[in-house]
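These are the residues of each chain, in order.
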Amino acid sequence: MTHKFIEPKAPPISDRSVVGWMRNNLFDSPLNTALTIIIAYVLLQFIPLVLDWALFSATWVADSDACKAGSGACWGLINAKWRFILFGTYTYDEHWRPFVGMLILLGACVGSTIPVFWKPMRLLLLWVVSSVLLGIIMWGGIFGLSYVENTLWGGLPLTLIIAVYGTLFAFPIGILLALGRMSNLPAIKSFCIFFIELIRGVPLISVLFMSSFLLPLFLPDGVNIDKLLRAQVGITLFTAAYLAEVFRGGLQAIPNGQFEAANSLGLTYWQSMRMIILPQALRLVIPPTVNSFISMFKDTSLVVIIGLMDLLGTVKSVIKDPEWRIFYAEGYVFAAAIFFFFCYSMARYSAYLEVELRKGEGH
Amino acid sequence: MKVLKTLAVASALTATAMVGAVSADTVDDVKKKGFVQCGVNGGNLTGFSSVNDKGVWEGIDVDVCRAVAAAVFGDASKVKYTPLTAQQRFTALQSGEIDILSRNTTWTLSRDTKLGLNFVGVNFYDGQGFMIKKALGVKSAKELDGATVCVEPGTTTELNLADYFRANKMAFKPVVIENMNEVVAAYLAGRCDVYTTDASGLASQRMTSVPNPDDHIILPEIISKEPLGPVVRHGDDKWMDIARWSMTAMVEAEEKGITSKNVDAMLKSNDPGIKRLLGVTAGLGEALGLDEKWAYNIIKQVGNYGESYEMHIKAKLGLDRGVNDLWTRGGLMYANPAR
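Chains as they are written, first to last, in our numbering: chain A, 19 to 381; chain B, 22 to 360.
The following block holds chain A by itself, in its conformation from the complex (with noise of 0.2 Å):
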C-alpha cells in the first residue's frame, strides 16, 4: 500500500493546432503519409485546371462568338438563357409569377422544418394557405392577373412542385401502406402487399409513359387528364410505395413491449400508434426517408417523357440550339449546381433533425 499521493500529471497533450490535426490525421502512418502526398499531388494537377475553365478564362457575355474565341467556360449560355431555363414557356412578361411562387413554396417548405410550427394545425395552415397563394400566383385569373395554364408551366417552379407536392402526399400514404401492410385484417393487407409490390416492380418512366401513351387511348374521346396531375400522381404514388418499406423497417425495429405497453394502457390503435409507435419509428428512419425525398427530386426530371419541361428539360432544350450547343456542358453543370443546392440542403436538414429529436431522449 502506498501512501503517497501520485504527483499530478500534465494533462494529454491536446495539439489543435493545424500542423497537430496533420500529424494526427494525415501523416499518421507510412501508408497515409504517401496516400496524402498522393492525392494532393493530384489535386494541386487537377484544381488549377477547373479554375482555369470555370473561372478565370470563362466568359460572361452573353455572345457565343464571344465564348468560341475564349478557351474556357461559357457561361454567357446561362447569362444569355437564364430566364427559359429557369421558368421554361411561361409566359415571358410574366415571369416574376413563377419566381414569387417559388418563393412561396420555399418558404413553406423553411417553415415546415422550424420546430415552431410543428403542431398539426399550425402545418396544415401554413400548406393550405401557401398552396392558395401558389395557385393564385401561378394560374392567375383572378385579381387582374392573366391566365398562364398549367401546360406553359416549366423550369425549375415545375421541378419545385412536382417534388414538394410528390413529398407532402407521399408520406401521409406511405404511412397508411405501410400500416396497412402490417395490418391483420387480410384485405387491407393484401391490396397494400400487392400496391407496394406493383410500384416497386416497375420502373417509374414505364410509369409516366404507360399514364401519357396507354392512358388517353382508353378514356372517352375528348376526356384529356392534365398532364401535370398525371406525373404528380405517378411520382406521388411512386415515392409512396418505397416510403411505405422505409416505414416499415421502422415499425418492425419497436420493441414488443412498446405495443404490448400501449396496449396494457388501454390505447385503442390509432391511439398507440400516433401516441407511442409512430413518433419512435419515423424517428429511427430519418436517413433513409430522406434518402427516398432526394432521389424522388432528381427522379422529377423523368416528366420530360411526357412532355413537361422541368429544369433539365428547359437545359437540355437551351443547349440544342445551334448558336450555343457546343457549349453543352456548361448547361449541365448549371443544372448540376441547382439539384445539388436542394439535395444537399435536404441531406443537411435531416442529419440537423437526427439530433435535434435526439435531445428529448434524455439519455
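Hints are not guaranteed to be accurate.
[Stated by the list, open to error] Listed below are the simulated DSSO-like cross-link pairs for lysine-lysine, each with C-alpha atoms no more than 27 Å apart in a straight line: (1) LYS335(B) <-> LYS245(A); (2) LYS334(A) <-> LYS335(B); (3) LYS101(B) <-> LYS245(A).
Hints are computed from structural coordinates only; laboratory data are not their basis.
On the provided structure of chain A, position chain B as indicated by the hints.
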C-alpha cells in the same frame, strides 16, 4: 359466362372509345374549343420547331400549325403546342390529344397505312448524307469502303447506312453514339472518318459546331429520301382538306409572288388566280368550310412558304433552298392549283 360477358362489354367499350377518338369531327371540335392543338418536336429542333428565349414556339413545322389556325380562326396565334418525343408522336395523334402532328415526320407507306394516319403533304424534303474531313480527299460516298462511320442510333438513320453500304458492296465500321453533341464531338476528335445524319442536320452542324467549317465537306450523295410533313387522323377528310390547302396556299402564294408584306396590295390584283386565293372572288373558302379570307390570313400572318423557309431554315441553319425550292426554279415545291 359472366366473366366472358364482362370482358366482351369492356373490350367493346375500349374499341368504341378508340374508334370514337379516330372518327371525331376535328373541325367542329377545333372550332368549339377555339384553338388548334399542335404536336411539335419537344427536342428543340432549331429551324423546324423550337422555343425561343422568350418561350415562343417557332420553325417551319410550327408555321404549318399557325397557318391552319389562321385559316380556321383568322388568327395564327390560336395554337397550343404539345412537345412530343419520336415515340410519343403517333399515339398522341391517335388518342386525340392533338389535332395535327407537325413534327419533322417522314412520310412512308407503312406509317400512312398501318397507323391509322394520313399525311397531309410535304413541307420539307430531307435526306441522309455524309460529312467528311476535306483532308481525306474523298469526293464521293462510293469511295467510303472500309470507313468508320459515326451515327446516332435511330429507326432509319442506322438502317439506311447499312442498306447503302450493302447495296454498294462496301464495308464499314459503325460508331454508334446516342447524343447528338457527343456524336459530333467524336467525329471532330477523329474517332470516325465520316458522320452521317439528315442533310439538314449535317449542314447546321457544319455551320455551328465545327470550328473550321471549310475543313469539312458534305458529300453529294443523298442516300435516303426523307419527305417530312404534317399528319392528321385517318377518316377525318374535312380536317385533312383544311390542313392540306393551308400548306398549299403558302406555296401557291410564293409562286404568285404574294408575301406577308405585299398581300394587302395584292388584293387589288387583276390576276384571277390571286383574286380567288385571297378571297376577292368568293368560292374557295366556302368549299373548305372556312372564311373567304382564309388564305389572306395565312399569308398576312404567317407568310408564304419562301418567307417561312428564309426566316427559320436559311437564317438559323444556313441551309439553301435546294430541293425545297419552287418547281419553277428546279425544286420540288409545287402547289396544286387552288381553283
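Inset, instruction - List in ascending order the numbers of the hints, as given earlier, that are violated by the structure. - result: As far as the earlier hints go, only 1 is violated by this structure.
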